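Enquirer: Residues per chain, in single letters:
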Amino acid sequence: MSARYSLLTYIAVAVGLGAIALAGNAFLIQAAIGVAISAILALSWDILSRTGQVSLGQSAFFGIGAYGSGLLTPQFGVVLGWVAGILLCAVAAILIGLVTLRLRRLYFTIATLSFGLSMQVLILVTPGITGGSTGIMPPVLMGGSPPAQLLLITGFLVVAAIVSDIFLSDRFRPAFFMIRSNPALAASSGVPVVATKIMAFAVSGMVAGVAGACYGGLYGYVIPEDVFTPNWSILPLAVSILGGMDTTLGPILGALVLRFLEEIARHYVGGVGYQVVYGAVIILFIVILPRGLVGGLRQLLRKLARRDAVPARSRSEAKA
Amino acid sequence: MTDLCVSGCTVAFGGLKAINDLTLTIPSGAITGLIGPNGSGKSTFCNMVSGQIPPSGGRVRLGEKDITGWRSDQAVAAGLARTYQVPRVPKELTIGEVIGVPFRYARSSRELPRQMSTTADLARFCGLAPALDTACADLSISDLRRLEIARALACKPRVLLLDEAMAGLSLEDTAQVIELVREVHAAGITIVVIEHVMRIIATLCQHAVVLNNGRLLSQGTPEVVLRDPAVREAYLGKGFGP
Amino acid sequence: MTLASVAQAVLLSLTVAGLYAAIAAGLTLTVGVTRIINFAHGEFVMLGAFLTYFLFNQHGVSPWIGMVVSGVVIGLFSALVYRVFLARVLKHDEHNQLLATLGLSILLVNIAIILWSPDPRVMQAPQLLPALQLGGVTVPGNNLVVAGVGGLLFLALQYIMRHTRYGTQMRFASDDAELAMHCGINVDRIFELSFVIGGVAAGVAGGLVALILYVHPVVGLDLVIRAFAIITLGGLGNIPGALIGAAILALAEGLTSTFVPHGGSFGYGIAFLLLLLVLVIWPNGLFGKQAHS
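Protein chains in written order, with the working numbering: chain Y, 1 to 320; chain X, 321 to 562; chain H, 563 to 855.
Bear in mind the hints are in silico, worked out from the structure with no lab data behind them. Please read these numbers as outputs of a predicted model, since none were measured by experiment. No residue lacks a Cβ here, since even glycine has one placed at the ideal position from N, Cα and C. A couple of the hints might just be wrong.
Claimed, not checked - Reference excerpt, derived from the structure (chain X facing chain Y, CB under 7 Å, subset only):
(1) R402
(2) R408
(3) L413
(4) P422
Could you build the full structure based on these sequences and the hints that come with them?
Expert: Below is the structure:
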């Protein structure tokens with residue numbers, strides 16, 4: 001059942017974003033690129049959160065992806081450079097995963113936040129390798145053609161969605177959720193808890209790294225504040241929760257809605273302080289739809305289904 | 321022959337020794353009752369042998385394997401499964417998904433008999449009436465206990481530790497779970513029952529082990545152990561013995 | 563690097579530590595009791611700073627009074643925020659609570675940007691105390707005020723937690739909210755109280771910010787991020803730990819910005835390198851309680 005819905009999601013994403021790329025409206029293309037990158041990043045956060053690791057450090061992997069691919073592409077070419085950059089994210093994720101593994105929940109969140117912020121310092125103190133505060137000039141993606149960039153990033157988004165769905169399959173979903181709500185029970189069911197959490201961290205880091213690499217290749221110019229800002233850590237959290245956690249559709253839908261509202265706000269409130277709408281939307285959603293768009297939708301469907309099923313149920317209860 | 325054997329084990333929390341230089345053996349192929357007053361170390365024993373808390377000294381052996389200090393998932397792979405007294409299963413999962421986790425992940429080399437070989441069989445065997453796609457959030461306490469036994473059995477264990485699997489159940493449910501434990505035993509699995517209801521130990525177990533203050537107080541057949549003056553004293557305090 | 567320059571850097575850092583301690587002590591109190599990572603704490607500080615600033619610049623109110631007024635006003639404001647909004651998310655999952663306070667923080671920062679522009683302002687307050695001369699070292703009077711008031715605030719919070727009935731109830735509720743509820747403690751009320759106390763501390767700390775730092779809409783974010791490092795260093799909920807964490811961080815920052823080339827641009831990155839280092843060795847902070855597993 002879920003496989004069919006997933007296929008629909010992939011097709012909707014590919015067709016929707018592909019159509020925008022082909023239609024050629026410059027503003028829409030830029031907006032769609034923003035949505036796709038946000039969605040990839042949000043999926044990376046969601047995959048990790050399914051093991052109970054609530055991270056505020058996705059900006060670190062976003063930035064490492066941008067810097068890694070940007071610095072390595074001139075050396076190794078696009079394909080190898082990107083692969084190496086993304087692998088760098090996996091290595092960083094495994095290291096930070098090992099450090100944060102023992103931390104209890106709030107400590108974990110703050111430690112990941114600190115990891116993201118420390119990365120900026122690391123860049124600043126290594127100007128010889130990373131360009132320091134002046135930033136780097138990664139090769140521009142697809143020769144700088146926005147429609148082609150959008151098509152490529154759409155492809156990555158579909159890949160990220162497939163990865164997310166793999167971790168929602170029967171093989172991983174129950175084990176992940178068990179680790180999240182009761183790690184001792186998971187271990188007593190034969191799940192190697194530590195290895196699984198680290199694996200989720202590595203995959204999440206790599207997916208976030210892809211988002212960062214895409215972002216870095218958009219304009220051919222990246223400074224540390226662009227990619228290591230805490231905004232890239234807050235965004236995936238907001239997008240996933242507002243869209244609906246523990247799903248693939250949720251982060252994609254959330255990215256679409258949040259970016260759409262942000263653009264409207266930018267239009268009406270202006271460049272300064274437009275994020276006031278962002279804050280207000282988060283607050284409204286948290287109060288009205290705590291389980292996100294997808295969660296709210298499911299609840300609605302269940303309520304409708306239950307109304308239909310009432311006669312059948314009362315019959316079975318009468319029998320019991 | 322013994323299936324599970326601890327020798328010279330100690331587990332300390334701060335200054336308190338919950339398990340104190342404990343040596344005991346669980347006979348193979350039997351139902352053994354592990355009893356003792358509150359705070360005697362029963363739960364710590366369970367956590368120690370199943371890999372939640374490593375002992376600070378001594379050895380834990382499962383059959384020929386030395387599993388001292390192994391993680392829980394490694395202990396499961398070696399053939400030791402346990403249930404939890406308060407089964408906190410993820411609310412968002414279904415019965416089938418919970419039982420499916422050990423079926424997928426437990427690397428035990430043993431095979432379960434035919435009547436327990438699939439998720440559906442195991443649920444039926446354990447008397448779980450609700451359908452496999454029922455969410456765990458909707459289960460009654462008695463079904464949660466059955467689910468917990470089914471989950472532990474899906475680890476394909478040679479030794480199964482039941483941590484107060486009947487606590488909080490009605491008389492009727494308790495009788496059914498006792499019957500279930502007998503059937504599991506009949507399938508060739510060594511069982512350790514942690515209980516504080518003496519009547520259950522007396523009717524269910526062939527062997528009984530009594531802990532007090534983290535040490536072995538008495539062991540033998542249930543009749544012998546329950547008549548042991550030292551056991552009565554530990555439970556009831558001085559002056560209540562015969 | 564002369565002895566005098568080191569002494570100067572150390573003394574100035576210690577006065578900044580007073581500010582950090584004031585912010586972190588309030589934060590660790592609310593986080594320790596409610597177990598919510600409250601990002602909006604920084605915005606309470608920011609609003610307090612603006613209030614003190616406007617009271618002085620537009621009405622000539624002394625910053626001494628300004629601090630007290632912003633403590634009271636921000637305390638009331640945090641009670642409002644708690645009742646209208648945060649009480650509703652307390653029963654939600656941890657990530658929802660986190661996002662709720664992040665959303666609140668973003669909202670308040672941007673309202674401040676719209677109302678008062680993102681530009682930094684200087685209060686240009688007179689020195690409230692005479693400067694301290696020690697050998698060749700000078701500590702400006704307002705830095706002394708910051709250290710002194712920060713220290714007093716810290717002592718007051720410590721006193722409330724240790725020696726009042728409410729403090730006992732707050733510690734109880736933070737250990738085990740459910741058990742506390744069964745013992746007849748109104749946990750909701752205690753949570754609100756911890757929020758208000760944290761809010762008052764944030765308001766007063768905002769007044770201190772106006773004395774020695776630029777006043778601008780994101781000043782709270784910069785500070786709360788440091789405060790998170792501090793309270794994690796000290797162990798969540800541990801008020802004396804927050805003081806020591808504040809001193810460590812302020813010293814580390816002060817010394818790097820004085821003696822490391824471009825050290826001033828590292829900002830709060832220092833805080834977090836330090837924190838990562840500590841958490842590798844002590845997973846519960848320097849003085850945190852042992853995990854309940």
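Enquirer: Please go over all the hints and tell whether each is borne out by the structure.
Expert: The hints, checked one at a time:
1. Given the 7 Å rule on beta carbons, the hint for X:R402 holds: about 6 Å separates it from the nearest Cβ of chain Y.
2. At about 5 Å, the closest approach between the beta carbon of X:R408 and any beta carbon in chain Y falls short of 7 Å, and the interface hint on this residue holds.
3. Taking 7 Å as the C-beta contact cut-off toward chain Y, the hint placing X:L413 at the interface holds, the least distance being around 5 Å.
4. At its closest, the beta carbon of X:P422 sits 4 Å from a beta carbon of chain Y; the interface hint therefore holds under the 7 Å criterion.
In this structure, none of the earlier numbered hints is contradicted; all agree with it.
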